[in-house]
Amino acid sequence: MSLLEVKSLTKRFGGLTAVNDVSFSLEAGAITAIIGPNGAGKSTCFNVISGFYAATSGRLFFEGADITALPLHAVARRGIARTFQTTALFANHSALDNAIAGYRQRTRSGFFDALLRTPRERREEREAREHAYEALRFAGIESSAARIAGSLSQEAQKRLAIAIAIVARPKLVLLDEPVAGVSGDQMAQHGELIARMSQAGFTVCLVEHKMDLVMGLADRIVVLHHGRKIAEGTPAEIRADDAVVEAYLGTAVA
Amino acid sequence: MRTRTLPAAWSLTAILALALPAVVHNPYYLQVIVGGYVTAIAVYGLNVILGYAGQLSLGHAAFFGIGAYTVALLETRAGLSFWPALAAGCALSVAIGYLVGAISLRTRGHYFAIFTAAVGVMIGVVFTNDQQLTNGNIGIVNIPPPAPIGPISFESPVAKYYLVLAALAFAIWIVARVRYSLLGRTLLALASNEDLAASVGIDVMRAKRLAFMLATFLAGLAGGMFAIFVGFLGPDSSGLDVSFDMLLYLIVGGAGTIAGPLVGTLGIVVLTQWLQGFEHYKLLVFGPLLIVLVRFFPAGIAGGFARLRWRRTATP
Ligand SMILES: Nc1ncnc2c1ncn2[C@@H]1O[C@H](COP(=O)(O)OP(=O)(O)OP(=O)(O)O)[C@@H](O)[C@H]1O
Ligand SMILES: [Mg+2]
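Residue numbers (the numbering used here), protein chains in the order written: chain A, 1 to 254; chain B, 1 to 316.
Do not rely on the hints blindly, as some may be mistaken.
[Said to hold, decoys possible] Coverage of chain B stretches by chain A, computed from C-beta distances (three or more under 8 Å per stretch; other residues unrestricted): (1) 42-48; (2) 164-178; (3) 189-199; (4) 204-217.
[Said to hold, decoys possible] To list a few chain A residues with every Cβ distance to chain B over 10 Å, as calculated: (5) N20; (6) S25; (7) A88; (8) A101; (9) G110; (10) A114; (11) L115; (12) R117; (13) Y133; (14) I164; (15) Q186; (16) R239.
[To be verified] Over 12 Å on every C-beta distance to chain B, these chain A residues come out as not near it, computed from the model: (17) N38; (18) R59; (19) S198.
Simulated from the structure, these hints should not be mistaken for laboratory data.
Just so you know, these numbers come straight off a predicted model, no measurement behind them.
Every residue gets a Cβ at the ideal spot worked out from N, C-alpha and C, and that includes glycine.
Taking the hints into account, I'd like the entire structure generated from these sequences.
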């Protein structure tokens, strides 16, 4: 059974239909890419799946359960993590604290645990710190743990965003343009990080414009154009698809 | 970042505070300091909602007033003794804080600030105009001090000083514990980036509401202390201008820091007293001083020192 099922998803902003009757599913363990020209509705898809926007119509099923109406934080706690197209960090906090905040959903300590520094508080703090270091290590920025997130290089910030997303061990990670703004020589390393995420058991869905990266990484590709799904298939199938070539590839990788 | 100088500074502060009544014999000066402590307790509450959780409340003094009037009325009208009256004052402040938060924290942006300002004004109107309940502008007089606990009586100014100091220490303990906890991290995270916090599974609304309840608890506690330390309570203790004063103390001291509310409140309260002699000219001193502070200590006094220390330890 697929991990996430998107069924006839539609999202309108006033008169603009950003996502129009789109259906696809994400297979557990696979890397799926969503591609399409600017304004195709890729980020909007992510925003609806993760609960930022309510769907206008359509349904979302995660592990068989209907998550369409769940609020943001509840979607995250089900095991769906995401990064943002414009890298979102807790900019004035250290990289380590960023990752620790990402682990909060796995901890239960509340106000009275804080006041009394209960054994649970201390255990969960230790646990959060360990997982945070592990996530930073995985993302390759352990040496920057004490640095303020906002002062990291663009490239390191992208890695930190991934560390924040995976620290609580979600089942599905949505990456919105993970290599945008990353310089050419760093790109391969980012690709390698995404491949490693998949090997580590995360189901990955990414939105990306860099076609060579997408073609190299993705098991399946979904193509959006003007809010509609115009194609879906393996990289080879997509490359051979006339509609895709016309809508997108023709201009992007001529 | 928590170096060894920090506990040392706090110990020194505690010793100074404990020894103060032995040094300051003038009851008026003592009164000014106690007043500063009381306000600082409320400012610690403001620090939780604004400094930690990043939500601007402009009605903080109203919750101070709720605590104060509850204690004053329960003591003078219902004959309740101080401690249960204080508990009731804190509880009522938190309950109203819960309601206000539930309504106004859901939306983003300036809505919470505007809503709390409006609530503050409304509650202030009740305090000022209700002749039956709060006795309007005349206020409530002869609010009795707490009954003695064993051999300890709270009649004298010095005894009240220590009572308020204990309440202040309690407030500082709470906010310090919260600051360095998973809950504190949660609040700081949502203040830093609310969307990201929500996307990593933090129930942002719940966390903000909790922060506001703690903020209103401390405001209520401060109000209760205020009622008994002066023995008189009028509506000008809890108007919108007082909310803005508290905001000023917090920002000058350093929002989000542990020492900030105390440094800012005592600093400005004492300075204001000292400038009293200059009459209206005091603003000529006060204004430029604020500008210098904002220019050179954008994170407040305590925030500025924390940054200096950070820089020293970061570049060995
Ligand atoms: N919050 C919003 N309000 C109104 N319109 C929006 C909103 N978010 C997105 N849109 C519109 O929806 C359409 C799809 O936008 P979306 O961001 O999903 O595109 P995208 O495929 O991610 O494009 P890009 O590759 O440029 O990131 C665009 O026309 C955009 O202007
Ligand atoms: Mg986009």
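Taking the hints in turn, this is what the structure says about them:
Coverage of a stretch by a chain is defined here by at least three residues with a beta carbon nearer than 8 Å to that chain's beta carbons; for the stretch 42-48 of chain B and chain A the count is 0, and the condition is violated. Counting residues of the stretch 164-178 of chain B whose beta carbon lies closer than 8 Å to any beta carbon of chain A gives 3, which reaches the threshold of three, so the coverage claim holds. Counting residues of the stretch 189-199 of chain B whose beta-carbon sits less than 8 Å from any beta-carbon of chain A gives 8, enough to reach three: the coverage restraint holds. Under the rule that three or more residues need a Cβ within less than 8 Å of chain A, the assignment of the stretch 204-217 of chain B holds, with 3 such residues.
Even its closest Cβ contact with chain B, about 25 Å, leaves N20/A beyond 10 Å, as expected for a residue assigned away from the interface. Consistency note on S25/A: stated as away from chain B, and its beta-carbon is indeed over 10 Å from all of that chain's, at 22 Å minimum. Distance check on A88/A: its Cβ comes as close as 4 Å (rounded) to a Cβ of chain B, failing to clear the 10 Å threshold; non-interface status is violated. With 10 Å as the threshold on Cβ separation, the claim that A101/A sits away from chain B is violated: the shortest Cβ distance comes to roughly 4 Å.
For G110/A, the shortest C-beta to C-beta distance to chain B comes to about 6 Å, within the 10 Å cut-off, and the non-interface label is violated. At roughly 3 Å, the least C-beta separation between A114/A and chain B is not larger than 10 Å, which violates its mark as non-interface. With a minimum CB-CB distance of about 5 Å to chain B, L115/A fails to clear the 10 Å threshold, and the non-interface call is violated. Listed as outside the interface, R117/A is inconsistent with that label: its C-beta sits roughly 7 Å from the nearest C-beta of chain B, within the 10 Å cut-off.
Its beta-carbon lying about 15 Å from the closest one in chain B, Y133/A satisfies the requirement of being farther than 10 Å from that chain. The claim that I164/A is not at the interface with chain B is violated, since a C-beta of that chain comes within 10 Å of its own (minimum 6 Å). Q186/A, annotated as away from the interface, keeps every beta carbon of chain B farther than 10 Å; the closest lies near 23 Å. For R239/A, the condition that its CB be more than 10 Å from all CB atoms of chain B holds, with the nearest at approximately 33 Å.
For N38/A, the condition that its CB be more than 12 Å from all CB atoms of chain B holds, with the nearest at approximately 22 Å. Consistency note on R59/A: stated as away from chain B, and its beta-carbon is indeed over 12 Å from all of that chain's, at 21 Å minimum. Every CB of chain B lies more than 12 Å from the CB of S198/A, the least distance being 21 Å, so the non-interface label holds.
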